[in-house]
Each structure stands twice: as C-alpha cells, then as structure tokens.
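Participant: Taking the hints into account, I'd like the entire structure generated from these sequences.
So the sequence lines, in the order shown, correspond to chains A and B. So that you can map any letter, position 317 of the first sequence is 331 in our numbering, and since no number is skipped, the others follow by simple counting. So that you can map any letter, position 65 of the second sequence is 771 in our numbering, and since no number is skipped, the others follow by simple counting.
You can trust all of the hints, since none of them are fake.
Computed cross-link-like contacts, DSSO-like style, restricted to lysine-lysine with a CA-CA straight-line distance of at most 30 Å:
| no. | chain 1 | residue 1 | chain 2 | residue 2 |
| --- | --- | --- | --- | --- |
| 1 | B | 834 | B | 932 |
| 2 | A | 74 | A | 56 |
| 3 | A | 365 | B | 875 |
| 4 | A | 224 | A | 188 |
| 5 | A | 365 | B | 932 |
| 6 | B | 849 | B | 875 |
In short, the hints are calculated from the structure, not lab data. Bear in mind that the values here come from a model prediction, so they are computed numbers and not experimental data.
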Amino acid sequence: MGKVSRRVGMAIAVLALGVAALPRGVRAENEELRRELEAMRKQLKQMQEQLEKQAEINQKQEELIRKLTAQTTAPPAPAPAPAAAPPSPPSQPAPSAPAPEKPREPWSPTQPITILSGARGYLNLSFDALMDFGWSTTPDVTTIERGDHDPLQRGFTLPNEEIFLDGAVDPYFKGVADLVFKLDENNETEVELEEVYLTTTALPWNLQAKGGQFFTEFGRINQQHPHAWDFVDQPLVIGRMFGPEGLRNPGARLSWLAPTPFYSEAFLTVQNSHGGTAFSFRNADEELFGRPPLERRVRNPGDLLYAPRYAASFDLTDSQTVVAGLSGAFAPNASGPNTRTQIYGGDLYWKWKPPWQAGGFPFASWQTEALGRRYEAGAATLERPGLPTVALPRETLFDWGVYSQVLYGFTQRWVAGLRGDWVSGDRGANSRSSDSSTTMTTASSLAMTAPCGCRSSSCSARTRLTSSNERERRHHGNDPTIAQHEPSDPLDGPRAWGRRQAQGRRDHSRPRRRRARCRGR
Amino acid sequence: MEDPHFVDAKPSFIRVVNQADVLIEGGAALEAGWLPPILDSARNPRISAGSPGRVVAAQGIRLLEVPTQLDRSMGDVHPQGNPHFMLDPVAAKTVAQTIQTAFCAVDGARCPDYEVGLRRFRDAVDAKLATWQAALAPLKGTKVVTYHKDFDYFFERFGMEVVGTLEPKPGIPPSPTHLTELIPRMRAEHVRLIVIEPFRERNNPDFVAENTGARVLVLPAMPDGKDAPDYLSLIDSDIRRLVDTLRAAPATS
Chain A
15 MGKVSRRVGM AIAVLALGVA ALPRGVRAEN EELRRELEAM RKQLKQMQEQ
65 LEKQAEINQK QEELIRKLTA QTTAPPAPAP APAAAPPSPP SQPAPSAPAP
115 EKPREPWSPT QPITILSGAR GYLNLSFDAL MDFGWSTTPD VTTIERGDHD
165 PLQRGFTLPN EEIFLDGAVD PYFKGVADLV FKLDENNETE VELEEVYLTT
215 TALPWNLQAK GGQFFTEFGR INQQHPHAWD FVDQPLVIGR MFGPEGLRNP
265 GARLSWLAPT PFYSEAFLTV QNSHGGTAFS FRNADEELFG RPPLERRVRN
315 PGDLLYAPRY AASFDLTDSQ TVVAGLSGAF APNASGPNTR TQIYGGDLYW
365 KWKPPWQAGG FPFASWQTEA LGRRYEAGAA TLERPGLPTV ALPRETLFDW
415 GVYSQVLYGF TQRWVAGLRG DWVSGDRGAN SRSSDSSTTM TTASSLAMTA
465 PCGCRSSSCS ARTRLTSSNE RERRHHGNDP TIAQHEPSDP LDGPRAWGRR
515 QAQGRRDHSR PRRRRARCRG R
Chain B
707 MEDPHFVDAK PSFIRVVNQA DVLIEGGAAL EAGWLPPILD SARNPRISAG
757 SPGRVVAAQG IRLLEVPTQL DRSMGDVHPQ GNPHFMLDPV AAKTVAQTIQ
807 TAFCAVDGAR CPDYEVGLRR FRDAVDAKLA TWQAALAPLK GTKVVTYHKD
857 FDYFFERFGM EVVGTLEPKP GIPPSPTHLT ELIPRMRAEH VRLIVIEPFR
907 ERNNPDFVAE NTGARVLVLP AMPDGKDAPD YLSLIDSDIR RLVDTLRAAP
957 ATS
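Facilitator: As structure tokens, then:
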C-alpha cells in the first residue's frame, strides 16, 4: 500500500511541473503545446511503468526475505507461515489482511521522519536540567546542603544539567552515557562523565552483566539521578556515607534474576575503590574522622570495592507493591595502611496506586533507607602549629543513619511529600568535631509534575518546593527553602520503580568538603 | 481498566516478561513510558525487538493523527500516531492476524490451532460487525466530544464524528480556558454526548454537560473482566450503552 501511494505522490509532482510550463506553450503554438503534452504524457507513462516494475521487484524481494526468515527462524512451521516481520516497516500490510483498509496517506515532505524515538530510534536522547532557587538562614548554604547537586548558595543554582543517551549497541549490548554539566558557585562550568556503561541483553541463565562507570547498585537513592528525586536535595545519611557525589566508579556488575514466583534479583558489583566517588573508602581527598588520608595503592584484588545486593518485590494487591533490598559495600579506606570500611544498608519501598488511576494519580508511597558504617580508622598524630599534638589511636568507629519519606499524589499533577532523616553522632571522632550529637532534619515537599510516561525522550517537567528544618544539638534554626524547576526525563529503571526520594542536611561530623573538587552526580 | 499511559513498571513485570515466549505490545509508543526498562531487566532474547516472539500490534494498522510536527509543547502526542486503534473491530482483526502469524513462527507445531482460533475470531467479528453497524446506522454523523483522544478509531468506524476533547492537548488536564472555548462550540454543533473512560474524574465532564445539555457516557476502553470479560463483549456493551444513551437523550438545540 505504501508503495502505491508513493507513486501517486510522484505523479502529482510531475503534473504540477507540467502545468507550470503551460503558459509559455500557449503563447507559442497550440500544436507545439499538444506535442509537448503528448511527450510529457509518454514520459509520465514510462515513469509509472518503471515504478510499477520496481514495486513488483520490491514485493518479490520482500516475499523472498519473508520466506527465508521463516525458514531460518521456524523450521518446523509449515512453509507459508511467515515470521513476524521486525517492527520497523509499519506500513507492511499483514499477509492476507482481512478487511480492505483505507490506503495510507500519500507521503509528503511534511511527514515526520523519526530520528530519535522511544520505540525504534538508534538513540534515545534526553536533556535533564535542574534549576534551583534557594534561601536559608545561614549565609553559607553548603554547610547544610551536602549534595553536589543540591542548591549551593542563596539565590539561584544550576547544579545538574545532564545529557542522557541510550540505545542498543548491537544485538548483545545496550549502551548508556550520561554527561553532566553544572555551574559552580563561581559560575564556572564543570563537566563530568557521570555514567557510561554497557549492559548485556542476551546472557544465558538469567544473568546480566554491566561494565563501565556507573552508580553502585546500593539501596535506592544511590542509583537515581538527582532529577528523579522527590525532594530537591539528597538525604543526610547518603551524604554522610557516600559523600556529595554518590557511590560510583568504573567497574563491573553481574546480576541474576532468580526463577522465583516473585521478583527476586541478586547483584554483585566490583568497582575501583578510590576517589571522591568512593567517599568512605580509598578516598585520598577527604579527611574522615580526623585522619589525614593516605595514598593507598591497590595491592591485590581484595583492595577493590565489593558491593553485593539482593532485592525482592511483591505485589500485595493489584494496587499495592512492595520492594525491599539489602546492600553492602566493602573496601579499604584511606585512614591507615590496612584499614577497611564496611557499609550496610536496608531499603524498603511501598507504593499504592489504584487501578482506577488516571494520569498516574492518585498514588501514595513510602520509602525508607537505613545505612550503617563500620570504619576502621588508622592511628594518626596530628601536629598543628600553636596547638598541642594530638595522637589518635587505631580504632573502629560505628555510625548510622536513616531517612524516611512519604509522598502523596493527591490530585493530578500535584504531589505532597514529607521526609525526615536522622544520623547518629560519630562515636570516637576526632577532637576538632567533638560534638557527639545526633542530627535530625525534616523536609516537606510540594511538587507539581507534568504528565510523564509516554515517551522516553524529553518527558516531564516538575517544579518541586522543599523546605527543611534542621535540628542539631548545638545549632538551631536553619530553614532553607528550596524551589526547583526541572524540565526533565526521569529515565529510571524498574529497580528505581515508582517515585524517588529526597533531602539532606548538615553533617558536622566531618570537615566541610572542598567545593572546588566537587563533581557531578 | 487502568489508564494505559501511566502503568508503573513494577518489578513483578520483569519476572513475567523474563519467562514469556511472546510479547505483544500495542505499539505506536503506547507503552514507551514503562515497557523499555522492563525489557532491559528481563534479559529475554526470545522477545527482544526483531525476534519472532516480539509482536507489535500496531503493525499493519493505518494510524490516525500521525503528527506532522512534534514536540512536547503539544502534550502527550504519540510520535507514530494515535495508539488507541483496538476499539476499531476491523483493526482488531488485523491485530489478530499479526498475533497468529507470530504464534505460528514461535510455535509451529500448533500453527493449525492458531489458524482455527484466528478464523473463529474473524468470523465472530464479522458476524457482530453487521449487527453493530445496523445498531449505529441511525446515529451516523452524530457529533461527540471525548475526554481523551482514545475513541477516534471507534467512532470513525461507525460513522460518528469526534468534534473535540475535554483535554486541551493529549494528556493535559482540562483547563478553564479550553472549556470556555469548547462549551459554545459544542452548543453550536449540537453535541449531545460526552464520552469518558471509567478512570476519568467527573467534575469537568459534568460541568461541560451541565452547560451544554449533553450527556456524559462512561465507556470502558478495555475489557474489565466483569461486565465485559472479553473484546467482543466490550464492543457489544459499549455500543449498547451508546445506543441507549443517545436514544434517551433528546436532541438539544
């Protein structure tokens, strides 16, 4: 059908040319005009014949291809059973289509040409931009906003503008690249290759491998990009354990989808264990618990980061789903020559969305993550001019934290959220931050979202308003209110199913990060 | 019964897709919001794009409203055209044919059974189609307004005309500006019917109905397992409701 109509389109174009040429012919001679017309008619006829022939050849070729495909893909099938054609030629009529369909509209130059699309493009492309407006009672916003993609100053911040590309590399691999641009406090542009990885699509035994640089599959929020969070800033405990940029590094991951009657998947990630993106590990840039960091080299495979995770999900009813997971991350740390860090985490997510939902509303969700850290701190002697020398012993430190958030999508496009988080004081931390206090914050959020869910490129816009209040034993009264507008596309995978999370707050247990080093997450 | 545009990619779907031999997707990007991540995690080469086990129902369907220009300012426009073609029974026959072809390619041994099934479905649709067309023949040319653009194929098949939607643009909730423009237009065109799906809110449809004298008719767009357990009974009951409502609603001036 497509071929026929295409021919019609061409014929019209030729005729139009003929008409345009007529006036000159009239002015000359009728005889000549007739002859010209005759010639044109002949030409046209020839063209039509040629096209018809071509169409016939095409059809024969298609048939041949279909037969061949059928033979190779389904040998036991009786000969005429053609294999399902790939989805790319949508115009191809089903063999012996039952009812006479109307012919397709003739092709015209204004018809769309798919370059990028969710279903069958070479590449999915999206640009996700975060734009923050923030204010707080403290002039130094970075003391309370720990995340690298949190608002950084009173006024406006563009903390995370990312270009996200994904698509199939070949029949066996899918590729993802995430390039992040951000403006720092001095309005310098920082660029970061945040994630680049390949995922296998056809490994046997329900296995899937991933390789490249990627966020470690630990808990829920660590795997999500900031534009997918429900609150403007990151949770306090995430900042404390994984730093401003989250846990991610070059590495590889293997996962196994278990053949259980419910969703059940086990992951093992092995990654490099150094740098600011391995915050609690071999991080030579950060002074944790007062220990000046050492440059530690990788001596054996045990010095890499190992992160196992298990996640399971149950549909309690048609409208309620629960996802739960346990994660761990183990690697050496930089506080001594033989010291290691262990981080454990548990996460729970519940979502209610009734079958009568329209546009994804109403819904309610609850998400909680708890993380605990066992930090072997090496012995250190601190000498500061004018201050007495302090000897810090080798010791094992524990700290932990939790955040919990509830979201309620009460009417189409409107979501209200409330989050609370708590982190323990750092037991045994160095003398300079001797407060053994706990820190609590609460954040409330109101978000307006544009519809999302129809295409995988440039999908949604959200405006989030988060206001938070932090209480800590020695400091009171920071009330930052952060508004953010974010035209974005939350490309979350199913493990990041549903909505996402939020917030973050001050942490006095460690020295303030050096902003200049901060990189995007 | 769920709003098909906003299905959550639940982890339990991963397990189901992982074990499937055939995946039938509506196509025309109806599932683009949630199916791709499921497929990525399902690691099932039998149903990967281009495999015999991957069926795109939209294949071979003449899609309406293929956009000639496309960007997000136009709302939730599907780049390949309006994906709600299943409500046209003739299109459903084409889809059944597509599915049968795929089943035969995947499971050749039982191909004769699938052919029988296909023939039975086609005959049933053909038999019903005559009844349906007869029932709706007196209503030919009737103008209706729908909430979303998901009954266009249905009304086109039965010769009725969709003259507007409550949504200003696909997927964008009704706005006062749009409704104040729509109401006089509905009055001028003597629109007697507002068709909405069961999951829609009622405030805006009722408001428009009050101001135009039109009736609100709730028509399921998908089999619900109760009143309309399968496709044929769905179309059957939709047409019955349509006829009953329009018979009861006197023409407004």
